[in-house]
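Since chain A is already given, all that's left is putting chains B, C and D on it; use the hints.
Chains as they are written, first to last, in our numbering: chain A, 1 to 83; chain B, 1 to 83; chain C, 1 to 152; chain D, 1 to 152.
Some hints could be false.
[Unchecked claim] Distance condition first, Cα-Cα at most 20 angstroms in a straight line; then the derived EDC-like pairs of lysine to aspartate or glutamate:
id: 1; chain 1: A; residue 1: 12; chain 2: D; residue 2: 127
id: 2; chain 1: B; residue 1: 12; chain 2: C; residue 2: 75
id: 3; chain 1: A; residue 1: 12; chain 2: D; residue 2: 137
id: 4; chain 1: D; residue 1: 119; chain 2: D; residue 2: 137
id: 5; chain 1: D; residue 1: 119; chain 2: A; residue 2: 18
id: 6; chain 1: C; residue 1: 119; chain 2: B; residue 2: 60
Just so you know, these hints were derived from the structure itself, not from any lab.
Residue-level listing of the chains:
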Amino acid sequence: MKVLYFAWLRAKIGFATECVTPPTSVISVADLIVWLKCQSPGHASAFADTSCVRAAINQEFVDLEAKIPPGAEVAFFPPVTGG
Amino acid sequence: MKVLYFAWLRAKIGFATECVTPPTSVISVADLIVWLKCQSPGHASAFADTSCVRAAINQEFVDLEAKIPPGAEVAFFPPVTGG
Amino acid sequence: MTIRIQKECFDIGMEIERLVGQNTAIGGVTSFVGYVRDFSKESGVVAMTLEHYPGMTERMLEQIEAEAHQRWHLEAALIIHRFGRMTVGEPIVLVVTAASHRHAAFESAEFLMDWLKTKAPFWKCEETADGNSHWVDARESDDLAASRWDVD
Amino acid sequence: MTIRIQKECFDIGMEIERLVGQNTAIGGVTSFVGYVRDFSKESGVVAMTLEHYPGMTERMLEQIEAEAHQRWHLEAALIIHRFGRMTVGEPIVLVVTAASHRHAAFESAEFLMDWLKTKAPFWKCEETADGNSHWVDARESDDLAASRWDVD
Numbered sequence: 001m002k003v004l005y006f007a008w009l010r011a012k013i014g015f016a017t018e019c020v021t022p023p024t025s026v027i028s029v030a031d032l033i034v035w036l037k038c039q040s041p042g043h044a045s046a047f048a049d050t051s052c053v054r055a056a057i058n059q060e061f062v063d064l065e066a067k068i069p070p071g072a073e074v075a076f077f078p079p080v081t082g083g
Numbered sequence: 001m002k003v004l005y006f007a008w009l010r011a012k013i014g015f016a017t018e019c020v021t022p023p024t025s026v027i028s029v030a031d032l033i034v035w036l037k038c039q040s041p042g043h044a045s046a047f048a049d050t051s052c053v054r055a056a057i058n059q060e061f062v063d064l065e066a067k068i069p070p071g072a073e074v075a076f077f078p079p080v081t082g083g
Numbered sequence: 001m002t003i004r005i006q007k008e009c010f011d012i013g014m015e016i017e018r019l020v021g022q023n024t025a026i027g028g029v030t031s032f033v034g035y036v037r038d039f040s041k042e043s044g045v046v047a048m049t050l051e052h053y054p055g056m057t058e059r060m061l062e063q064i065e066a067e068a069h070q071r072w073h074l075e076a077a078l079i080i081h082r083f084g085r086m087t088v089g090e091p092i093v094l095v096v097t098a099a100s101h102r103h104a105a106f107e108s109a110e111f112l113m114d115w116l117k118t119k120a121p122f123w124k125c126e127e128t129a130d131g132n133s134h135w136v137d138a139r140e141s142d143d144l145a146a147s148r149w150d151v152d
Numbered sequence: 001m002t003i004r005i006q007k008e009c010f011d012i013g014m015e016i017e018r019l020v021g022q023n024t025a026i027g028g029v030t031s032f033v034g035y036v037r038d039f040s041k042e043s044g045v046v047a048m049t050l051e052h053y054p055g056m057t058e059r060m061l062e063q064i065e066a067e068a069h070q071r072w073h074l075e076a077a078l079i080i081h082r083f084g085r086m087t088v089g090e091p092i093v094l095v096v097t098a099a100s101h102r103h104a105a106f107e108s109a110e111f112l113m114d115w116l117k118t119k120a121p122f123w124k125c126e127e128t129a130d131g132n133s134h135w136v137d138a139r140e141s142d143d144l145a146a147s148r149w150d151v152d
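Bound-form chain A, shown alone (with noise of 0.2 angstroms):
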């Protein structure tokens, strides 16, 4: 699975981009989270506060209760700030 970081959850992770293999157990966007927490202190501060997390898959915005695809490409970032 391929997870990717924009903004300041990038930035506290400190990379973009990253192939993750979850155990089966992480069925949603949610689960995901609990597991990559664990991964390093920068997973842990980046997702400290989950309301200030916005998520995609395969580039379509998802709720944090949204199950992952197989083969999927997951999105973490912050709500978006263009324009």
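Structure of chains B, C and D alone, referenced to chain A:
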């Protein structure tokens, strides 16, 4: 008194501006119209339907009931179609 | 206060650039350009002539722009209105509003256009391909659009 | 469908001219340009860097533009959004909508901006004169503005 005509009023009357000296009984813009209608067939045609005629006194829109102050510039034209 | 009544065409990009200048408090600029269309109500329009009331036009545009500055916090505003003969596809009018927040820029630009349509002394005479010409009637929808901004 | 994500600046006048082209059904064109302001919430901002999500950005802008075409009868529409580092006073985003009637042009341009602000995956990192930088927080007022266009 200086009178100006625009758009199809000007076209029907045949000129854009004239200096007139109406009798003292002409108090309002509506009075002036009644008086102007007798000045030529062009005037009569231009003012045949006053529901399509708008007026300005000294370059400010006025109702046809408005009184004309001495030395005023009075203009007649159809509803505006700018922009 | 920036209003211009002119026969000549205008350069939209240059006008916006000049209006924004070095003012870094500007966060958003809305512009609107009105063009000569080929299908007002009659079709086959090839050109039109805009007649106006010199003197009163300047007065009214200044009043309209002042009203916009009173209603919204604007950093800058510009109205350019052409007169004379224009062919299909040529720009007629340019309105530009600059503000720190985008909604002020959007709303005030639309307000300026709605008021221009109903309060600026301009009259359109359209020419059709057959060589005839006719004065354009005022549209009720323009009065309706302008009345949205009445405060009474 | 005309959307562009680019590092480079854009020429507003040229973009409008190119979009209008020879389409004489166009009666009005609304454009909006967003600039880097010097006083977002912190003051003393001298520059900012816009990060985006390549791939998803294009997807979202296409969706947003398609939605505008569905809601209004538009002759043409253009979205240009820059990314990378920009200094105060530089333009960030350009939205242009062309329609036969001005209200469609105005409304759809404002719609595009409201949706861009809340649905396009861009993130602003501001730099202040003291050499520090910080990620800009999303504004509730932008969510509110975008929710005006919800249909349900």
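For each hint, the structure was consulted:
For the given pair, residue 12/A sits about 18 angstroms from residue 127/D by alpha-carbon distance, which is consistent with the 20 angstroms threshold. Between residue 12/B and residue 75/C the CA atoms are separated by roughly 45 angstroms; this puts the pair beyond 20 angstroms, and the hint is violated. Taking the CA atoms of residue 12/A and residue 137/D, the gap is about 16 angstroms. The hint holds against a cut of 20 angstroms. The straight-line distance between the Cα atoms of residue 119/D and residue 137/D is roughly 15 angstroms, inside the 20 angstroms bound, and the hint therefore holds.
For the given pair, residue 119/D sits about 24 angstroms from residue 18/A by alpha-carbon distance, which is inconsistent with the 20 angstroms threshold. Taking the CA atoms of residue 119/C and residue 60/B, the gap is near 10 angstroms; set against the 20 angstroms cutoff, the hint holds.
Against the hints set out earlier in the document, violations occur for numbers 2, 5.
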